[in-house]
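Take these sequences, add in the hints, and give me the full structure.
Protein chains: 4
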Amino acid sequence: SYGQATTAGALERAMDELLRRAVPATPAYELREKTPAPAEGQCADFVSFYGGLGDVAERAELLGRLAKGFGVDHGQVAEQSAGVLQLRQHPREPAVLLLAEDRLRYALVPRYRGLFRNISKLDGGVRFLVCLRADLLQAQTLKLLEGPHLREMDGVLKSMLTEWFSSSFLNLERVTWHSPCEVLQKISESEVVHPIKNWMDIKRRVGPYRRCYYFSHCSTPEEPLVVLHVALTPEITSNIQAIVKDCPPSETEDKNHITTAIFYSISLTQQGLQGIELGTFLIKRVIKELRREFPHVAAFSSLSPIPGFTKWLLGLLSSPKEHGHSPLFTDGEAQELAELLGGPVGDTLKDFLSSHEWALSEQLARALQAPLMRLCAWYLYGEKHRGYALNPVANFHLQNGAVLWRINWMADQSRKGLTGSCGLMVNYRYFLEETTMNSTAYLGSKHIKASEQVLSLVSQFQKSSKL
Amino acid sequence: SYGQATTAGALERAMDELLRRAVPATPAYELREKTPAPAEGQCADFVSFYGGLGDVAERAELLGRLAKGFGVDHGQVAEQSAGVLQLRQHPREPAVLLLAEDRLRYALVPRYRGLFRNISKLDGGVRFLVCLRADLLQAQTLKLLEGPHLREMDGVLKSMLTEWFSSSFLNLERVTWHSPCEVLQKISESEVVHPIKNWMDIKRRVGPYRRCYYFSHCSTPEEPLVVLHVALTPEITSNIQAIVKDCPPSETEDKNHITTAIFYSISLTQQGLQGIELGTFLIKRVIKELRREFPHVAAFSSLSPIPGFTKWLLGLLSSPKEHGHSPLFTDGEAQELAELLGGPVGDTLKDFLSSHEWALSEQLARALQAPLMRLCAWYLYGEKHRGYALNPVANFHLQNGAVLWRINWMADQSRKGLTGSCGLMVNYRYFLEETTMNSTAYLGSKHIKASEQVLSLVSQFQKSSKL
Amino acid sequence: SYGQATTAGALERAMDELLRRAVPATPAYELREKTPAPAEGQCADFVSFYGGLGDVAERAELLGRLAKGFGVDHGQVAEQSAGVLQLRQHPREPAVLLLAEDRLRYALVPRYRGLFRNISKLDGGVRFLVCLRADLLQAQTLKLLEGPHLREMDGVLKSMLTEWFSSSFLNLERVTWHSPCEVLQKISESEVVHPIKNWMDIKRRVGPYRRCYYFSHCSTPEEPLVVLHVALTPEITSNIQAIVKDCPPSETEDKNHITTAIFYSISLTQQGLQGIELGTFLIKRVIKELRREFPHVAAFSSLSPIPGFTKWLLGLLSSPKEHGHSPLFTDGEAQELAELLGGPVGDTLKDFLSSHEWALSEQLARALQAPLMRLCAWYLYGEKHRGYALNPVANFHLQNGAVLWRINWMADQSRKGLTGSCGLMVNYRYFLEETTMNSTAYLGSKHIKASEQVLSLVSQFQKSSKL
Amino acid sequence: SYGQATTAGALERAMDELLRRAVPATPAYELREKTPAPAEGQCADFVSFYGGLGDVAERAELLGRLAKGFGVDHGQVAEQSAGVLQLRQHPREPAVLLLAEDRLRYALVPRYRGLFRNISKLDGGVRFLVCLRADLLQAQTLKLLEGPHLREMDGVLKSMLTEWFSSSFLNLERVTWHSPCEVLQKISESEVVHPIKNWMDIKRRVGPYRRCYYFSHCSTPEEPLVVLHVALTPEITSNIQAIVKDCPPSETEDKNHITTAIFYSISLTQQGLQGIELGTFLIKRVIKELRREFPHVAAFSSLSPIPGFTKWLLGLLSSPKEHGHSPLFTDGEAQELAELLGGPVGDTLKDFLSSHEWALSEQLARALQAPLMRLCAWYLYGEKHRGYALNPVANFHLQNGAVLWRINWMADQSRKGLTGSCGLMVNYRYFLEETTMNSTAYLGSKHIKASEQVLSLVSQFQKSSKL
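Chains as they are written, first to last, in this note's numbering: chain H, -4 to 462; chain X, -4 to 462; chain L, -4 to 462; chain A, -4 to 462.
Please note that the accuracy of each hint is not assured.
[Said to hold, decoys possible] Below, a list of computed lysine to aspartate or glutamate pairs in the EDC-like style, where the Cα atoms sit at most 20 Å apart: (1) L:K198 x L:E248; (2) H:K441 x X:E25; (3) H:K153 x X:D97; (4) H:K306 x H:D342; (5) A:K29 x L:E429.
If you are wondering where the hints come from, they were derived from the structure by calculation, not from laboratory data.
See the structure below:
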């Protein structure tokens, strides 16, 4: 890290000097197509300086300076805006207006965009920018950076990445045991939904009755950008342990046993590509591929985790009770739970649910099934953020046009599943003829399409709850 | 063609209806990231309708309607401009200004850009847009279409193609006799500089002492975008017939005989990619590749045609003479030519130079050598368009930073060479350490770097000529 | 050629010296597994010496010396034979007999086999041996070499090649327009049945409604050993000009129009592989491949030339007539022909059939149809060599188990077809369930399975002919 | 297993019936080239029957019946031998003798060879035969099968495999972390010399400063037959733990640090290929490859285990001592050891050396170094089997022409290394110019070339020992 070798002021001066040198000046509008190619060294310097910054805070500092110091020239924008307005008031031939608008458009391009363009042409430059955007997002999450200039720069980067990672440049690749170890190691390491334990585990996930697909950019084959795991089953699976096992696969695949495709994990491997819609497009492409390979497969569904459910539930359990009784349970339920827990429901239950131990008691699990199922249904269906589903996985599948299909009890009994979502999982089902319509309805009027099971649980919740 | 089946009015109505359906509406600024993916059919319709238009005039008609009817909403632009100006006068926190600018930027995006984006995501969509731009350029050349809206649309398309055909997405491929026939047929058909006569001819151009490279986009391998032919020689070649032959190649390549790389042909295969700078970048990449393969190769040079030289010369010969003598020849030359031609130089010489027959007479050829050499030097060095070299091939290599190195007499004795440029060719030489500097000097101050041979010819011209 | 540089005696001495050095001595039986690997130079010398012999006669001389001078040690064979016989008379334990037999087996291995083994391990060594065998066969055809030692050496080479070109080491490759030019050039050059005229011709033969397959050895991919051309048609084609055309292919292949696969050309590209049964195996593999791709294709048939038919017929026309009338025509036919030819049938007809001009006269062609059809039927069905069909193409397909299906009039109107086989072609049809049975019947009892059309023509011939 | 379902007699009858059906009859000599291809089912039956035999004893039974019942027809052999002998006594023209010899050769081909040929043409048939030979060898090792017929059959199979796995059909493949997981898993599982512990271990063995190569047959790519691991080092390594580590590789390879190539493991992956000399050829090819990649690498050496050394040593320690003192140690050594062991050397030392614990005592280890080094030198140099080195690894490298270069103390401190060879390892060094000569000397006159270090240890042994 530079910080160790220099005083803070020295580092900042080095940053300013670097930026002055590396960020190309904006040529006059008339000369914009007569600029010689930049010297390669210029932006290579930026890349190596950035790589030498050991610490996320230092990187954030540099990005902040870039965003604030090398954005749009507001004076220019104002001047060109005035020009456009004047033509509005004193119209002349269209060519004049169009030229004025184009000058305005040109003025609105932030200067750092030139740096990003130049970097993108270096070997590995696009990959560098993806990482840079990941840093930018992380720095915002960590509150190291804030403010509109950073949001603007993120917007610019995102729109550049959107062009470069356009779906026509993505290759769908299938992973098998014949794929390079390099790829399988990357796939393993990027799997966060149901982490991969060992090599038999991953061998099974790419073996018979399983499919593992990823998108790579056509310029960087064998580099997974987003990964989708599919299980091929005779029915819509309600339990993840039926799919993810670490014993070696033994069977030969028999097409006749396959009627259903279960998407049981989807992971973005590069955080700098958030918001580029790779996941949505990957599901669509994989569905096409599966229909080609298995024309008779009739049902497509996810088997999805419900991250945040336990946390949300614990929050509810902590909120002040009205009139001395919990609004989350019916009186009968509250009483049964109190007996099993040996005390008032509130804090004891919170402790239980924070660990995975409640699931060991068959009685307790049975007593919790009904209330947790309807609470979960509500969490997914009723809890919102700006009008859309609060739960990010739900929001993802609903945007894609899936239906909130089935909530499954004891669906993930791993420690992670029990502590994160009380062992519950949910199927989002894709009816291929309806996804466009559902997607439009959700995005436009924020309507969630749900199955009868879910709607019935929601209505039970609404009756029993005083929320 | 639709035109035959319908009255003109009906076709135009069909066009309007198509565009209404296919060009997506611009969502409100707030909803710009909540738009569902377009139905595939929408823009596929546009593609197939367009493909069905048999005739370049009909296509031009449709493109004209698209450019004029679905551009920028000028009212919106004016409104947002006013917003920005107001903030200039009554400043508030930066977030407000940046938001206003972003809204303005959004308003400046023409609506047809949405159509192009959607098309680009179809299978083969990018290729379609390249062809569409080729049509657009051709329609302008043919004067079927004119006006600022078309230039704007061309600018939008060009900037999209520039992103998509970014150098990081281009693969350098070498063509050999082991390449697919498909590729060799495409290479053959796209070679317009020195057309390929038969399969022995092309086999030689990819055989020993030759290299043939092309760029393909990483999403469409085996589809040449721009092609460069190189000869590996012991010196800077002054004659194209020494390179291009249609007898089969026999020798084995001996690295020790190779000191020089001659770029003797570069062709863009897809006219819709004009202005994307593929050629410049290809030469750079090939130089890198050649230096890797032949570290001891010392000289890099083109052997280039001089399209337009004969035409320019004939123009001069037609212009009214001052005081009864041609300004193009010295008195001695004029007299010798008059004797050889059996009459006054003017029209007879024009007739001779229009055909390739003058070269058959050794005497005439000898008499013409000195004046044609200095006229050609002037044509390349002195004739300008907006300050840059008039000759497009010269302009291309000078922009790349090459030096106007050597004009070669009887360098292309093919009929095409004799009629197009009096058999003259020119070497543009690349001194690798100087190209950046030369390029900057040429683009900036319009200075042409030339060798002593050329400068001496130019000065002879200036002395002898009264132009 | 060495012959020019040296006297004949010197060349022969050089040969003897080379062979002494290059052919490894046979180690004693006990040490046969303790021989160090040969010095690479040893057999490389042989290869380069052989390659330097410019002339087939010189090569034949060397091969003759190798075959005669470095074969089996007859004394050893006799000695070991005696050993075996003695054990027959005075039996001992099995181990002793088996050892004696193994020693005898070892003694029966000709010494030159060691040379061939060593050569086979060089880079390109197997390819060299294939060429060497081609020379050996050609030398025998040209009567440059004869005798039992050469037949023995050919047998040894053939059995080695049979092991190396075992069907499990052959890869089936399909040729398309995306195959390397190198491969398409080789395919073109090796096509002798219906020679390829130009590049549109070959493009069509690898385009829609056509398949072109070859076997390569797994150690030398992209090197065709034997090539099969197939047309995919709606019926059993009776005319080669319907298949082989040199206009560019335009259609898109529609599987629904395909019910029949016509094998219209099969060529061995390397004459040294004669007798290894590559052709038979290629047809079997291609049938498998086609059934996989087109499960509904019902008929498999060749459309084959009848090389030698005209020659055979001219021979008959030349043979002395009995009782003043030709035995080949009925009296009515003879009379009609005499009128058309303007003279006695014999020599005039011979002249006509030797050229392709008779086919230009519609009347003559009509008059010849009936007699030529039945003569051809007899030629294919009745003319034998050691009990098997005299015509080599017929013998090939009958060995494979095909049925002599249909003789086709005016089936090949090319000059080659008219002069070689009076324009006739024949279909050998493969009924997949019957080929094994037919093959066994033909090879064992020499029975030819033929269709009713053919049998009826044969019986007409037998009635009309006095042969 | 069939054995469970049927009585032994029934299984044997099934075997006899199978063999009668599956082993093709030998056609008469005259018809040997007119045999129709065998029905595929015939030998496929054999393959599936054999695969169904669960138990090595049952397989051995079937192989025994095949070897004994379907070998050579001794009567035929005798008859043809007699024919040959008679021609010896009453000579006729050569053709007659050569024909008689060829008939004799034909008679000497065991009938089961036809079965093996037919199987070899099935998909996967060659692989099956390799496994069958592995069973045959194992059955002999386990004494389930014995006798000359089996040795004959093994010889026949081995000679067929030798043709099929000829070096011209082997592809050298390098394994990297980009190779298919399938390949890396196979490589890992087949590594018996220094077993692979986990995936970081194998990643390191294919990473920087390491090379891993294998041969595959060109018809079955990605199937390792024999594997060679190489370390690239600055000197001849004396310790295996410096090479084999299970921490992840971190460095980037720097060619300048590499002067030496150490072969530290070579494994045959398929036991059925024993005796085909794949290992020898692999080392030669890899040396060629390494010299191409690293022209300046000067030293090639193995770092080899000494399997059997501890066992041999314990045997010596058990043998009766003469005159009350051990012949293995000098009196001084014996005394020092006695003190350290707290009793007489003999049995106590045996116990120590059988485990790996002696190495924990620094004193004991120091006391043992001198005697163990010279004993090991003698074991490798002086102990023989039929005149060649008793130790199989030594015999392998000496046959290849390597020099017995250096014995290394504490070279393998793994439990396996300490118990198997007292922690000792040995370098066999390849001087490329001398290997052919050394190999010939070793195979012919059984001379072992050794370094001064080794010879000096041997002479110490000879002085001190009374063996």
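Now the hints, each set against the structure:
1. Of the supplied pair hints, the one linking K198 (chain L) and E248 (chain L) holds, its CA atoms being roughly 15 Å apart against a limit of 20 Å.
2. Taken as a hint, the K441 (chain H) and E25 (chain X) pair is honoured in the structure, with Cα atoms around 15 Å apart against an allowance of 20 Å.
3. Our distance criterion of 20 Å between C-alpha atoms is met by K153 (chain H) and D97 (chain X), whose separation comes to about 14 Å.
4. Using a Cα cut-off of 20 Å, the hinted pair K306 (chain H) and D342 (chain H) holds, with the two alpha carbons roughly 14 Å apart.
5. Of the supplied pair hints, the one linking K29 (chain A) and E429 (chain L) holds, its CA atoms being roughly 18 Å apart against a limit of 20 Å.
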